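Start from the sequences, fold in the hints, and give me the full structure.
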Amino acid sequence: MADYGHLVNDFTGEGVQIAALSVDDPERSRDLRARLALPYPLLTDPGRDVVRAWGLYNPKEAGGIARPATYLLGPGRTVLFRNIDEVAARAQPSEMLAYLREGKEPPARRLSPRLGDFAGSLVGMLRFGKRSPRQ
Amino acid sequence: MEREAAPALGETAPDFTLSDTEGASWHLDERVAQQRVLLVFYRGQW
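Sequence order for the protein chains is A and B. Take my numbering: the final residue in the first sequence is number 198, and no numbers are missing along the way. Take my numbering: the final residue in the second sequence is number 58, and no numbers are missing along the way.
What the hints contain is simulated information worked out from the structure, not anything from laboratory work. Because the structure is a prediction, the values reported are computed rather than measured. Any given hint could be a false lead.
[Stated by the list, open to error] Where chain B lies over chain A, by a calculated footprint (3+ residues, C-beta under 8 Å):
| # | stretch |
| --- | --- |
| 1 | 80-86 |
| 2 | 91-98 |
| 3 | 103-109 |
| 4 | 115-128 |
| 5 | 135-147 |
[Unchecked claim] With a straight-line cut-off of 25 Å between C-alpha atoms, the simulated DMTMM-like cross-links for lysine to aspartate or glutamate are:
| # | chain 1 | residue 1 | chain 2 | residue 2 |
| --- | --- | --- | --- | --- |
| 6 | A | LYS167 | A | ASP73 |
| 7 | A | LYS167 | A | GLU77 |
| 8 | A | LYS167 | B | GLU23 |
| 9 | A | LYS167 | A | ASP66 |
| 10 | A | LYS123 | A | GLU77 |
| 11 | A | LYS123 | B | GLU16 |
[Claimed, not checked] Heads up, incomplete: computed chain B residues facing chain A, CB under 8 Å, no partners named:
| # | residue |
| --- | --- |
| 12 | GLU16 |
| 13 | GLU23 |
| 14 | ASP41 |
| 15 | TYR54 |
All C-beta atoms, glycine included, are put in the ideal place defined by N, C-alpha and C.
In structure tokens form, the structure reads like this:
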């Protein structure tokens with residue numbers, strides 16, 4: 064989350080706007096956005112409608128939350144890239160930038176360190192897993 | 013409507029309109045008409 068915040072200008076430079084989405088209520092999201100000084104919008108889906116419609120609803124955890132995922136969407140909402148957390152791994156914002164600039168695939172999934180501390184758990188929100196199949 | 017699988021590469025993702033933390037309305041369809049959108053789904057703190 065914070066990593067994307069630091070790189071928001073780089074993404075803007077690539078013609079990409081960033082938004083993040085969770086099932087948190089607006090108050091919680093506002094706190095998080097302020098605490099991390101995030102320069103992009105946090106969208107709130109407390110009714111879980113969008114995460115359900117996107118097939119990213121995980122009912123098994125914490126009363127039902129979004130599976131961590133990153134999507135790059137083009138005109139007409141076409142999926143240009145996706146990365147969904149199904150194993151303990153994540154891609155980094157810098158890897159997303161490399162992908163945008165050079166068409167470079169983010170590195171193969173890597174094991175994520177055990178996340179215990181608060182900072183780690185924030186980074187953990189960005190965990191992703193399986194790469195989109197290239198077809 | 014609940015999808016079985018999340019939208020895959022090349023597919024069309026579902027449209028939505030949600031509020032941001034400032035209460036402003038954010039409509040995906042309008043956004044992608046302007047620029048590509050990087051949408052990060054995060055677990056949140058519930």
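Please flag the earlier hints that this structure goes against, numbers listed from lowest up.
-> Structure breaks hint 10 only.
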